[in-house]
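Let the hints inform the model, and build the full structure from the sequences given.
Here the protein sequences come in this chain order: A and B.
Under the working numbering, the first residue of the first sequence is numbered 1, with each subsequent residue one higher.
Under the working numbering, the first residue of the second sequence is numbered 1001, with each subsequent residue one higher.
No lab work stands behind these hints, which were simulated from the structure alone.
Check before you lean on any hint, since a few could be wrong.
Computed list of lysine-lysine pairs in DSSO-like fashion (alpha-carbon distance at most 27 Å, straight line) [as the list claims (entries may be wrong)]:
(1) K1099/B to K1254/B
(2) K1399/B to K1356/B
(3) K216/A to K1356/B
(4) K1021/B to K545/A
(5) K1399/B to K545/A
Being a predicted model, the structure only gives us computed values, none of them experimental.
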Amino acid sequence: MHFLEKIGITLLIIAFTFFTLSLGLGSYQLTEDSLKISNEYHKKEVLSVAEETGLLNQEYDSRPAFITDFKNVLKASTKNLEAKAADGLPEGVNEWDFKMGDWTYKDYTMYTVKHSTTGMVANNPFLFLLLTFILGAIGVIIHSIPKFMGIAGIKNNHIYQSAMTRGLTLSVRSIMLTATIFGVLVYGIFYLKGNFMWSLITLVVMALITYLVFVKENEKEPDHNPPKSASPDALGWLGLVTGIYLIGFYILLYWSPAYITNWMLITDPVSKMLSGNEASQWFVYGFLYTIVMLVMGLRMIGKYRHNQYQILRTISVIFFQTVFAFTLPEILVRLNYPYYDFKNIWPLNYTFFFDWNLNQLIDSGGLGIFMLVWGIVLVIIGVPLITYFFGKRWYCSWVCGCGGLAETLGDPYRQLSDKSLRAWKFERYIIHGVLVFAVVMTALVLYSYFTGSSNVLFLNSDTVRSWYGFLIGSAFAGVVGTGFYPLMGNRTWCRFGCPLAAYLGLVQRFKSRFRITTNGGQCISCGNCSTYCEMGIDVRAYAQKGQNIVRSSCVGCGVCAAVCPRGVLRLENGSADISSRTTELKTIHITEDQIKLLS
Amino acid sequence: MHIAIIGNGISGVTAARFIRKMSDHRITMISAETDYFFSRTALMYIYMGHMRFEDTQPYEPWFWKKNRIDLLKGYVEKIDTDNKELHFRENLSSLKYDKLIIATGSKSNKFGWPGQDLKNVGGLYSYQDLEAMEAASADGINRAIIVGGGLIGIEMAEMFHTRHIPVTFLVRENSYWNNILPAEESQMVNRHIREHGFDLKLETELKEIVDDGTGKVKAVVTNKGETIECKYVGLTAGVSPNIDFLKDSNIETKRGVLVNEYLETNVSDVYAIGDCSEHRNPVEGRRPIEAIWYTGRMMGETLAHTICQQKTKYDPGVWFNSAKFLDIEYQVYGDVQAKMPENYQAIYWEHRDGRKSIRIIYEKDTKVIKGFNLMGVRYRHEVCEKWLKEKTNIETVLKDLSLANFDPEFYKEYEAEVLAIYNQQNGTNLQLKKKRSWNQVFTFLSS
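Here's what the structure looks like:
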């Protein structure tokens, strides 16, 4: 290891330690000021209950104890308000402006905990910003410096010898996957407040897909370590630890943000500078996301500094993340416009057609209407048209934020995608299943929007959309999507879950000028292309036959062409042969004409 | 009909695949090396940690079952061509065949050096060679000596380099691979080897490998009398056909198994393809033994046609090859020789960084294109092949040269600079006519 790499790693570990430990620093005291509830009836009630129970002004050292007690106060307040509402609402006040539903708990708790915190982090946000985000970023940058030194070229040395990047053995991977799925489904029952229908339906659908892949298609693999599964002989335990950390991060972020309020305190100064508002968990996430993409993007550029395609592509994703996903929406908010990411397209942006979003856009004047039309035009015209010309890569590996993170933070894990035929079968069922789910969910939501009725046949559009948000939007895209980078590769979400990728993929597969061409007979079947295909495409299977690669999942990252030691692959757009892009066996080295025809 | 194939390398596997495409014959593929076909050109990447061994296997295990290609692990010790029977070294019952394909590949050359059979001395050809390198590395290697300046030698040097094992590279010639590469390209590789920090010793030959007293290598002695301490010696001075097991058979051999243009041996129903075959009457301009991946694949494909009732002559077509010298990719199309014939003329362009070059060769009098030699630049096989086959005029080629460029998008293109060199040499004023685009290429290729 280069000494700069050692320094970088050390700094990164220090930053991570501060980042993690900062969550536990401080003590908590509820005061009238720190109680962040904007609804006056709610605030008044909570205050009085807090006073009765002795929570008010009492100092806590334990965050979980504080949160538990505060939640009990909220529950008691709900009951009290309910009783009072039964006695009669105040004049002219809407029922739900008076009563306190349990959906308010998450934000009330999070902001109250944040403002009730005192201590080191709360008092020194700048210091902690320096010790966590900035120190970590510097660590990664220093670690990446050697990638800019020496002779440029493909350097994938030791990837399969490192406990960080070699991946999980198939059994451990299966355990992690099963545990995550069941964890999500069980938590999903609580999430829907005891409604177990949707967990059950999800389970049945997954069982059906597994049945179709394993039994009906008769692909049960007798070999425990099938060659294309990307599973190593020895467990990559550092990768496992990293994956578990990431999974934990996403669980807190999505479902228990009250536990990560110190990160919000740390990023408050930045947020106030940008939008004028204090930081929420989403600001923390966006800020972290952007920094990670910046520094890991720099690493990517260093790694592929001989490759103009990789450099431009990386700059592009960093640009779209920094400007369109992070900065612009914050500035829009500052200017009292809706928070809007111009490059986030439905169905990846699944909330686009939700009533609150539509209403907000419609109520925001000319710009709001433009945003609404822009979003719809992108889906209907932008996606098919641009994909026709360039393939889905224009979005997935040049613009998209999820793709951008995968291509930067996730680059060290791209080899972990499963290339077996079995994985491909799972992929096709699951990703198209998610697309169907997204379309049906949105149709129901729009039906409710226009008719005002939540119930369509036996379905409740509110429940369907909240299950979609939980299962796909949070669990799949976040927990599995990023948490599984070190476990199943950096494009797990893009490959198996993203409904927009499915849509782009259908266009790419059936009507696009894009394909990867192979260079005649130069392939030596070495397998670098397949190994480093993050989408799990067995590129070699095509390349060794001299066949074009036209696959719906290909995000056009260009790494297969970069790692090929014989210069066999090239990403191209062309209309001349658009209907015969997939012709088999282009190059036959037998010259007699009649035989050419027979093959 | 039962077709037995000895060897599960690219030649044997290609033959099996095409026979299956065209027929329902029973196919048995025999190998003592590995259970499944793997790409031996990728052995280096396993050692370097770029790939797992499994990643070098192009087909999943179900592929063989699905295509009804029976795999048999065993070492054929004797071929009884009279009774059409194979006998194995292991305790396996003999195997009857109707047609036999010998595709046993190569073995590393050993030229009778003292100590050449010591432990931690070996080539890089088989999976077992890789295992031996791993075992030696586990013991700790203070220095590795590579003997022979060819394609395998430089791969082996790169492998050790990734594990921070110092490498000394003994090359008999006065420049790397200069019996194949033209002088400038050969010099480029010399420079590149040295900038990677290898100790490249040109005009140096191995004289002796010294035993440490336990049967392992301790040092080598060169023809210049120098003794270099080391714990591994890589013998990479070429390969030769792996046909020792045929000694007592009726099958005629010289250096390799002798075959005619139909890849038939002197014994009926016995064929040989790939590295182990030696052509009695090679196609003009080609060597009798060509131990490369691509010719093995072409022979496999050709023979499959012959076996499936479409008797086909082996015609390797326009010569092409490729390799990678550390970070420099290499591609060649057509007739590019180390010593250019008198009646040929070359256009040679080299990039300022000294790691890219384009060489285009044509015939002086007729101006017919003869060959392309690329370093660090990718050219499109089909386009170059078409120009060469059609004996295209050099000026036509140069004007359309962008069609050949196969570098990734956004890469700088150097075709104009190549053209400028020609213009300067010949006082012409040619301009690039076409832009690089798939549509243009497609139109050209289908014209």
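Which of the numbered hints above does this structure break?
-> 3 and 5
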